[in-house]
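Got chain A sorted already, so can you dock chain B onto it with the hints?
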Amino acid sequence: MGADVRIEKIAPYVWEIPKEGPMRVPGRVYASDEMIDDIRADESLVQVKNVACLPGILGASLAMPDIHWGYGFPIGGVAATEADSGAISPGGVGYDINCGVRLARSEVEADSLGTPRLRTLMDALFDAVPSGVGSEGAIERLSTADERKLLRQGARWAIEEGFGSPADLDHTEEGGRMEGADPDAVSDRAKERGLTQVGTLGSGNHFLEVQKVSKIYDESLGSAFGLFEGQVVVMIHSGSRGFGYQICDDFIKRIKSKLPVYGYDLPDVQLAAAPLDSEEGEAYLGAMRCAANYAWCNRQVMLHKTRETFQKVLGSGPADLRMDLVYDVCHNIAKVEDHEIDGERRRVCVHRKGATRAFPPGHEEVPAAYRETGQPVLVPGSMGNYSYVCAGQSAAMKETFGSTCHGAGRRMSRTRAKKESRGRDLLKEMEEQGVIVRATGMRTVAEEMSHAYKDVADVVAVMEEAGISRRVARLVPLGVVKG
Amino acid sequence: MERGRFAEIEHTADLGLELEGSSPAAVLEAALRGLVRVLFGEDPDVEPREERSVELREEGYPELLKAWCESIYRLLEEDGFVAVEADVEASGPGTLRAVVRGARPPRARVARASELKAVTWHQLRFAEADGEWRARVIFDV
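Line by line, the protein sequences give chains A and B. Residue numbering for the first sequence follows this note's numbering, beginning at 1 and increasing consecutively. Residue numbering for the second sequence follows this note's numbering, beginning at 1001 and increasing consecutively.
Bound conformation, chain A alone (with noise of 0.2 Å):
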């Protein structure tokens, strides 16, 4: 499979597809001379060049290295469109809406841990956490007016209803709150899945990784992000579940009879986008604002059950475990942002599906704890793989409208990975590489071995020759819970 797209080096790790037909500004994607011929090998340019044609778009559709096949944008997509006429995507968002990751810190060593605890550990979040197809009851159904304020307060519900600290909201992305939530713009439907959901995991992608350091590449930055080799850290992976998936279906099917009023004649209807201020636009925004605060309060419960979980294993209060947050990171997301384009500061609308914020030391949206650092980049590696923890740096801000990779990549098909798997014992094969997978479902383990993703190590440091982000820690598993 592949498509034939002309694309062309215009820097060490930069590659140029020139502007043609109905592209309105050139597509540019970030990877090594080694990942090109991977990424050529599906779709994805093919939708990097569609994404290149939304209405209001400036600078390039970009992509970052983690770049592959999605449905209508690429996974690791970024485009950025005029805040007052440009249009909005839901589908640039995706279904996913502020699907994310979050790290936590521990005073816990790996090395104290040892196997037989490590297991009742991973035993237990696999019962704390839910996960898999539907899964529910984290916590006690939302009534419909608990439901409105969660999705008005993002994680701050969940803080006051009891579920972490104050200072975990100081550690996430937008202070786990997105303002100009609507709920009024919401399905009932979407509501009503929405009730159930809070606190749950998910399949898929997803997971709950105990993992450890394994490396500080910059010390300064480790200390300021609370990292030290060898010691224990968590990773959540999750979103805004069924509420999330369809805000954006209902918003596509309603967008999408709106093209021809609206003018747009777009090369994908799952690209279907709407002016930003169209009623539908407005709607949508307001919709995928609640998404995004239910997804920071989805992380924020699992996060606390974690923690119970942890005290409860390992026999220790919060004073010695010190399981802080270190920061939560949104990487499907549209957020209106202003940059510098040509020389001019503009309010845009940055649409990031499967790309993560990277603002450089000093932007005033990175949280008052990073200011100095650069915003935390929690970059997920292949399960049973290493993951990274990064920080933005400044050509973010010039390039990628301050936007770096999200995690892997996949560059094998779910289906081919699942036949390569065929045959073998992956839960004992994963242990005896010293990693306890506790999983749901045999089906998601065998599309999620490592073998079907990049290698997350090249993925990072492209972005860090690039001068995107840097790299600060590198993470390895310790045990893996999945859908």
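Please keep in mind that the hints were generated in silico from the structure rather than gathered at the bench. Here the structure is a predicted model, which is why all the values come from computation and not from measurement. Ideal placement from N, C-alpha and C gives every residue a C-beta, glycine not left out. Careful, some of the hints might be misleading.
[Stated by the list, open to error] Residues of chain A clear of chain B, computed beta-carbon distances all greater than 12 Å:
1) Val-5
2) Val-25
3) Glu-136
4) Glu-219
5) Val-261
6) Glu-308
7) Asp-320
8) Arg-347
9) Glu-447
10) Ala-461
[What the hints assert, rightly or not] Below, computed lysine to any residue pairings styled on SDA-like, alpha-carbon distance capped at 20 Å:
11) A:Lys-419 with B:Glu-1018
12) A:Lys-253 with B:Arg-1057
13) A:Lys-253 with B:Leu-1056
14) A:Lys-253 with B:Gln-1123
15) A:Lys-419 with B:Glu-1008
16) A:Lys-258 with A:Asp-277
17) A:Lys-428 with A:Leu-118
18) A:Lys-191 with B:Glu-1077
19) A:Lys-253 with B:Glu-1063
20) A:Lys-312 with A:Asp-127
21) A:Lys-215 with A:Val-476
22) A:Lys-258 with B:Glu-1063
23) A:Lys-398 with A:Glu-464
24) A:Lys-191 with B:Glu-1008
25) A:Lys-253 with B:Arg-1125
26) A:Lys-253 with B:Glu-1070
27) A:Lys-253 with B:Ala-1111
28) A:Lys-253 with B:Ala-1067
29) A:Lys-258 with B:Gly-1060
30) A:Lys-258 with B:Glu-1059
31) A:Lys-149 with A:Arg-189
32) A:Lys-253 with B:Glu-1059
33) A:Lys-149 with A:Asp-182
[Said to hold, decoys possible] Coverage of chain B stretches by chain A, computed from C-beta distances (three or more under 8 Å per stretch; other residues unrestricted):
34) 1009-1022
35) 1076-1085
36) 1131-1141
Below, chain B alone, put in the same frame as chain A:
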């Protein structure tokens, strides 16, 4: 009713189906079997002991395929009902009446399925060509 055929699509991030059949109803019936296969990764080993009715009215055939797949998944997510076969009557573009048969296995077995975030619009097709009905649908998982 003649049964349609399905094949899984090699999509990098997501899962999808190519469908064929002699009629829209045959394609939709194949979509049910294909979707369940995609969700469980194998035959779910469920006896068709219970029935559910599904009625849909959409704009056209592609929209109908999307809504049909969503209905099957909704039965699974909300009710734990695993559909394995169906009598489908597609009386025109966008209109469907079906009796779906399956069972409600223990919740732990249902939870083992892949979660479907959405039935996407990306490359969604459902049309007749040369006397054969063909469709394509991609799922975000």
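Here's how the hints hold up against the structure:
The claim that Val-5 (chain A) lies off the interface holds: its Cβ sits roughly 15 Å from the closest Cβ of chain B, which is beyond the 12 Å cut-off. No Cβ of chain B approaches the Cβ of Val-25 (chain A) within 12 Å, the least distance being about 22 Å, so the stated non-interface status holds. Not every beta carbon of chain B lies more than 12 Å from that of Glu-136 (chain A), the smallest distance being close to 10 Å; the non-interface claim is violated. The beta carbon of Glu-219 (chain A) sits about 36 Å from the closest Cβ of chain B, which is more than 12 Å, so the claim that it is off the interface holds.
At roughly 16 Å from the closest C-beta of chain B, the C-beta of Val-261 (chain A) stays outside 12 Å, upholding its exclusion from the interface. At roughly 22 Å, the least C-beta separation between Glu-308 (chain A) and chain B is larger than 12 Å, which holds for a residue marked as non-interface. Once the 12 Å rule is applied to beta carbons, Asp-320 (chain A) is consistent with being away from chain B; the minimum gap is 34 Å. With a cut of 12 Å on Cβ distances, Arg-347 (chain A) stays outside the contact zone with chain B, its closest approach being about 29 Å.
With a minimum CB-CB distance of about 8 Å to chain B, Glu-447 (chain A) fails to clear the 12 Å threshold, and the non-interface call is violated. Even its closest Cβ contact with chain B, about 21 Å, leaves Ala-461 (chain A) beyond 12 Å, as expected for a residue assigned away from the interface. Between Lys-419 (chain A) and Glu-1018 (chain B) the alpha-carbon distance is near 18 Å, which keeps this suggested pair within the 20 Å criterion. About 14 Å separates the Cα atoms of Lys-253 (chain A) and Arg-1057 (chain B), which keeps this hinted pair within 20 Å; it holds.
In summary, the hint linking Lys-253 (chain A) to Leu-1056 (chain B) is supported, as the alpha carbons are separated by about 16 Å, within the 20 Å threshold. With a C-alpha separation of about 15 Å, the suggested pairing of Lys-253 (chain A) with Gln-1123 (chain B) holds against the 20 Å cut-off. Annotation: proposed proximity of Lys-419 (chain A) to Glu-1008 (chain B) holds, straight-line Cα distance about 12 Å (limit 20 Å). The straight-line distance between the Cα atoms of Lys-258 (chain A) and Asp-277 (chain A) is roughly 14 Å, inside the 20 Å bound, and the hint therefore holds.
A C-alpha spacing of about 16 Å is found between Lys-428 (chain A) and Leu-118 (chain A), which places the hinted pair at or below 20 Å, so the restraint holds. Annotation: proposed proximity of Lys-191 (chain A) to Glu-1077 (chain B) holds, straight-line Cα distance about 15 Å (limit 20 Å). Taking the CA atoms of Lys-253 (chain A) and Glu-1063 (chain B), the gap is about 10 Å. The hint holds against a cut of 20 Å. Simply put, Lys-312 (chain A) and Asp-127 (chain A) have alpha-carbon atoms about 13 Å apart, close enough for the 20 Å limit, and the pair holds.
Taken as a hint, the Lys-215 (chain A) and Val-476 (chain A) pair is honoured in the structure, with Cα atoms around 9 Å apart against an allowance of 20 Å. A hinted pair counts as satisfied when its Cα atoms are at most 20 Å apart, and Lys-258 (chain A) with Glu-1063 (chain B) qualifies at roughly 16 Å. The straight-line distance between the Cα atoms of Lys-398 (chain A) and Glu-464 (chain A) is roughly 15 Å, inside the 20 Å bound, and the hint therefore holds. With a C-alpha separation of about 32 Å, the suggested pair Lys-191 (chain A) and Glu-1008 (chain B) falls outside the 20 Å cut-off, and the hint is violated.
With a C-alpha separation of about 16 Å, the suggested pairing of Lys-253 (chain A) with Arg-1125 (chain B) holds against the 20 Å cut-off. Proposed proximity of Lys-253 (chain A) and Glu-1070 (chain B) is supported: the alpha carbons are some 14 Å apart, at most 20 Å. Taken as a hint, the Lys-253 (chain A) and Ala-1111 (chain B) pair is broken in the structure, with Cα atoms around 28 Å apart against an allowance of 20 Å. Simply put, Lys-253 (chain A) and Ala-1067 (chain B) have alpha-carbon atoms about 11 Å apart, close enough for the 20 Å limit, and the pair holds.
For the suggested pair Lys-258 (chain A) and Gly-1060 (chain B), the alpha carbons sit about 17 Å apart, so the restraint of at most 20 Å is met. Simply put, Lys-258 (chain A) and Glu-1059 (chain B) have alpha-carbon atoms about 14 Å apart, close enough for the 20 Å limit, and the pair holds. Taking the CA atoms of Lys-149 (chain A) and Arg-189 (chain A), the gap is near 17 Å; set against the 20 Å cutoff, the hint holds. The suggested pairing of Lys-253 (chain A) with Glu-1059 (chain B) holds, with an alpha-carbon distance near 11 Å, which does not exceed 20 Å.
Note on Lys-149 (chain A) and Asp-182 (chain A): the hinted pairing holds, with a Cα-Cα distance of about 11 Å set against a maximum of 20 Å. Coverage of the stretch 1009-1022 of chain B by chain A holds in this model, with 7 residues showing a Cβ closer than 8 Å to a Cβ of that chain against a need of three. Against chain A, the stretch 1076-1085 of chain B contributes 4 residues with a C-beta closer than 8 Å to a partner C-beta. That satisfies the three-residue criterion, and the hint holds. A count of 3 residues in the stretch 1131-1141 of chain B with a Cβ less than 8 Å from any Cβ of chain A is obtained; the coverage claim is therefore met, three being the minimum.
Hints 3, 9, 24 and 27 from the list above are not met by this structure, while the remaining hints are.
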